[in-house]
Amino acid sequence: MLEALQLPFMQRALLAGLLVGGLASYLGVMVVQRRLSFLGDGLAHAAFAGVALGLLLQQEPLWVAIPFAVGVSLLITWVREKSSLGDDTAIGIFFAVSVALGVLFMSLRQGFAPDAVAYLFGSILTVTPTDLGVMGLIALGVVLLAPLWRYWAYATFDRELALADRQPVMLHDYLLSALIALVVVASVKVVGIVLIAAFVVIPAATARLLSQTFAAMTLLAVLMSTLSVLPGLAAAYLLDVPAGSAIVLTQALLFALALLRR
Amino acid sequence: MAAPAVEFEDYSVHFGEFQALQEVSLQVPEGAYVAIVGPNGAGKSTLLKALLGLERGAMRDGPIRTSGRIRVFGCPPQEVPPGWVGYVPQVKGFDRSFPALAIEVVVSGLRQHWPFWIGREERRQAAEALEKVGALHLSNRRLGRLSGGELQRVYLARSLIRRPRLLLLDEPATGVDVVGETDLYRHLEAYRAESGATILMITHDWEAAQHHASAVLVLNRRVVGYGPPAKVLCHECLSQAFGHVGHAHQMLLGGVEVG
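Going down the list, the protein sequences come from chains A and B. Here my numbering is used: the first residue of the first sequence is 1, the next is one more, and so on. Here my numbering is used: the first residue of the second sequence is 1, the next is one more, and so on.
It is worth saying that the hints were derived from the structure and are not from the lab. There may be inaccurate statements among the hints.
[To be verified] Computed footprint of chain B on chain A, listed as stretches where at least three residues anywhere in the stretch have a Cβ under 8 Å from a Cβ of chain B:
(1) 67-77
(2) 142-154
(3) 208-219
[Stated by the list, open to error] Simulated DEER-style distance windows between Cβ atoms:
(4) B:Q22 / A:Q59: 40 to 46 Å
(5) B:E79 / A:R35: 30 to 36 Å
(6) A:W63 / B:Q19: 34 to 40 Å
(7) B:A190 / A:L75: 20 to 26 Å
(8) A:R262 / B:W117: 34 to 40 Å
(9) A:A146 / B:G16: 51 to 57 Å
(10) B:Q22 / A:Q212: 42 to 48 Å
(11) A:L230 / B:F15: 37 to 43 Å
Glycine included, C-beta positions come from ideal geometry on N, C-alpha and C.
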C-alpha cells in the first residue's frame, strides 16, 4: 500500500477522499442533528439531474450540476421555511423531481452514457488535478466560514433561542444548504451519487454516539471520516473492490463499534 | 416620568385567518412583576414572543400580520440591546439527543451563540449563575438527561447570566416539583429585589400570581383585566376570560371565594 501511495493517482485519490470525508462529515453533523439525514440523498439526486443535464448539453457536467443542486437546496430550504410540510416531505418531493428530471435528460441524450454511470458510483481513482482544485476551493470556502459554526450550532440546538438572540437563522439555513449542495456535487465524481449521503450521515452519527458536546461531535465526525479513507483505499487497492464502497463500509464498521461500546 | 419597560399600543397579531391577539394595550413599569394568566390559546406565549420580536421569525405556517406598536425600554423589540432581555421558553425546542452539557447552555446565554470552547472566566460566570438557582451540581451533566425541573433551573440560569433588565418566563414552573417551585419563585424575587428587573411570567397557577406578582394581566386574545392581583383575580374577570372559573375549585382571592 505504501508503494501504491507513491503513485500520483493514488495520492490524488487519498487527498480527494480526505477532502470529501472531512467536508461532508463537518457539514453532516448539522444535517444529522437537525434530523435532515435525507437531505444528503436528496441533494445527491439533484446532482444526478444536474450531471444528466450537463451531459445532455455537452457541457462539463459538474459546472451544470453545481448551480442545479444549489438551486434545489435553496428551494428545499424555502419550502421548509414557508410551509407546514415536514422536512422529509419537502426533501422527498425534490428528490423525486430530481430523479425524474435526471431520467428525462438521460433519455433525451443520444446513445449509451457510460460517463453518467461513473457519476452514479464514483471513481476516486480517476480524480484529476482539476477535480482536486475544485474540491480545494470548496474546502477553503468552508474553512473561511468556520466562524459561523457557533451560529449554526446554536440554531441547531434551539432555533427559537437563536431567533430570540437576533441570529439571522434563516439566512444561515440557506447558506448551510447551499454549502451542503456544493460539497455533495464536488463529491459525486469521487464517491458517486449513490454513496455520498453515507459520507454526510454515518461519521456524524458515529460521533454523536461517542460525544458529550457538539464541538466534540464535530471534531470526531471529521476524524472518523478521514480515518475511514485510508483503510477504504487500501481495501480497494489490495482487494480490487470499488473504493467508495470500501470507505463507506469502513465508516459503517466504525459506527457498529461505537454502537457496541455504548 | 420614566418610560415603561414594556408598552403595547393597539397591538394585534393575525396568523393567517386566525387572530391571536386583538388590540392589546398596556404599559408595564420598570421593576414590575406581572403574571399573565388566561386559557389555552389566549395568546399568552404570542405576547411574550412579540416582545422578543419572534412572532415573525418563528412561524412557518401561513402569513403573519401585525398591527399596532410594541416598545421595550422605548425601542422596538428588534432594537433592544443584546442582553437586556432574558427568556425562558415553555417548550424547550432542543432535541434531547443533542450532545450538550448544562454549562454550555448557560454560556450560550452569555455569548448568544454556541460555545466551541469555554474559557475560565465564562466558566466562573456560568457556575455563579447556576449556583444562584441551586443548579451548580448540574454543570457538567448531559442536558438530555436532566429532569424537567432541572432543565428549568438551567434555562433560568441561562436567562439570568447577563443580568437582564427584562425577564420573560413562559410557564417556568412546568415540570417542577413543589419544593423546586418554591425555590424558583424565591430566586425570581431575589433577582428582582437585587436588580430592579421587570418580570413578565406566564402561569396557570393563580395562587402563585396572587402571592408573587405586583400585577396580573388576564388575557384571552385581548386584555380582559390588568392591575393588582386582588383587583384582577376576581370572579368577573376570570369568568370573562375562561368562561367559568372551574368546578369544585375553591380558592380564596382577597377574601372572595370563587368556584
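Hints and how they fare:
{"no.": "1", "hint": "67-77", "in the structure": "violated (count 0)"}
{"no.": "2", "hint": "142-154", "in the structure": "holds (count 5)"}
{"no.": "3", "hint": "208-219", "in the structure": "holds (count 8)"}
{"no.": "4", "hint": "B:Q22 / A:Q59: 40 to 46 Å", "in the structure": "violated, 57 Å"}
{"no.": "5", "hint": "B:E79 / A:R35: 30 to 36 Å", "in the structure": "holds, 34 Å"}
{"no.": "6", "hint": "A:W63 / B:Q19: 34 to 40 Å", "in the structure": "violated, 51 Å"}
{"no.": "7", "hint": "B:A190 / A:L75: 20 to 26 Å", "in the structure": "violated, 51 Å"}
{"no.": "8", "hint": "A:R262 / B:W117: 34 to 40 Å", "in the structure": "violated, 25 Å"}
{"no.": "9", "hint": "A:A146 / B:G16: 51 to 57 Å", "in the structure": "violated, 40 Å"}
{"no.": "10", "hint": "B:Q22 / A:Q212: 42 to 48 Å", "in the structure": "holds, 47 Å"}
{"no.": "11", "hint": "A:L230 / B:F15: 37 to 43 Å", "in the structure": "violated, 54 Å"}
In summary, the numbered hints that this structure violates are 1, 4, 6, 7, 8, 9 and 11.
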